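Q: Listed here are the chains, written in short residue letters.
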Amino acid sequence: MRFEDIEIGDELPAEQPDVRVERVREFAKTAGMLTGRFVDHQKAREQGLPGAILPGIMSQALLAAVIHRWAPGCAIQQIDTVFRAPILVDSHPTTRGVVTSTDAGAQTVDVDLTIENEAGETRVIGTAVVRLD
Amino acid sequence: MDVEAIKKNWLNREFDVAEFPITQERILAYVHACGETDPRFSDPEHPEFQAPPTFTAQYVGRRILPRDFPMLGFRGFDAGKTVVLHGPARPGDTLFAHSKIADAYEKTGRSGRMVFLVHRMEFVNQKDERVSTVDWRMVRQPDQEPEKREK
Chain A
1 MRFEDIEIGD
11 ELPAEQPDVR
21 VERVREFAKT
31 AGMLTGRFVD
41 HQKAREQGLP
51 GAILPGIMSQ
61 ALLAAVIHRW
71 APGCAIQQID
81 TVFRAPILVD
91 SHPTTRGVVT
101 STDAGAQTVD
111 VDLTIENEAG
121 ETRVIGTAVV
131 RLD
Chain B
134 MDVEAIKKNW
144 LNREFDVAEF
154 PITQERILAY
164 VHACGETDPR
174 FSDPEHPEFQ
184 APPTFTAQYV
194 GRRILPRDFP
204 MLGFRGFDAG
214 KTVVLHGPAR
224 PGDTLFAHSK
234 IADAYEKTGR
244 SGRMVFLVHR
254 MEFVNQKDER
264 VSTVDWRMVR
274 QPDQEPEKRE
284 K
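Going down the list, the sequences are from chains A and B. To convert, note that position 15 of the first sequence is 15 in our numbering; the numbers rise steadily by one, no gaps. To convert, note that position 149 of the second sequence is 282 in our numbering; the numbers rise steadily by one, no gaps.
These are calculated hints, taken from the structure and not from any lab test. Note that this is a predicted model, so its numbers are computed, not measured. Every residue, glycine too, gets a C-beta built ideally from N, C-alpha and C. Be aware that one or more of the hints could be misleading.
[Claimed, not checked] Below, a list of computed lysine to aspartate or glutamate pairs in the EDC-like style, where the Cα atoms sit at most 20 Å apart: (1) LYS43(A) - ASP211(B); (2) LYS29(A) - ASP80(A); (3) LYS233(B) - ASP80(A); (4) LYS29(A) - GLU147(B); (5) LYS240(B) - ASP201(B).
[Said to hold, decoys possible] If you want the footprint, here are the derived chain A segments under chain B, 3+ residues with CB under 8 Å: (6) 14–23; (7) 56–66; (8) 74–80; (9) 88–102.
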């Protein structure tokens, strides 16, 4: 995809990322976050959580991967994520994105990003600045 | 401890430098776990193989807060992260992360007063080239301190 192909309002394809406990455990292990609240539902409940929750930085990494699939070869210059509420491990969240502005001089687009849970509640919001040649 | 005092006494003072060697194995493990499929990040044979953009967001320094930083309550949570990319991190690089508190501000929500601390890590490589800036917004809830909960 090239910069000229993109218009404000373009939507990124919605995706259902893999947040099964096996995958989250893999992420937590490599990121040094192998604690109960992220990888063990029972231990998370003992801490007052509804179940194990996704590490915030994993949510951010999932959104970056979505951008790369939408625009192969693009360069993310900045990505900001706000962890409004937890995403449960073993749930079925959906990632979404929409182009909100374009800058022809810089060859960049701004993208608004969200992750919703099964109830359609927004749990993570974010923005990214993406350069396309 | 109010936010103005934190700003006056603690902002923009480097309190930690941590070192992180970048390996191909660790990049690939991270990439697989987050479902990244771009070959620049998933294929070591790609000519531009490098760590994905959020890779440095996983790192924590030797200290999260400066020594003797005031206790701001026992409850807290991770409110978000911002990553600004300056250059690639590749296998064989060693990154040095310089930590400081970059901002402090206050909000009031349903659960009371919340103090936001922006913990900034500036990553440079072994050539002192900038790689990324990672801002971690940490929330502390001073109203949840034990002496207040007991009243």
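Q: Compare the structure with each hint and give your call.
A: Evaluated hints:
| no. | hint | verdict |
| --- | --- | --- |
| 1 | LYS43(A) - ASP211(B) | holds, 19 Å |
| 2 | LYS29(A) - ASP80(A) | violated, 23 Å |
| 3 | LYS233(B) - ASP80(A) | holds, 19 Å |
| 4 | LYS29(A) - GLU147(B) | violated, 29 Å |
| 5 | LYS240(B) - ASP201(B) | violated, 24 Å |
| 6 | 14–23 | holds (count 3) |
| 7 | 56–66 | holds (count 8) |
| 8 | 74–80 | holds (count 6) |
| 9 | 88–102 | violated (count 0) |
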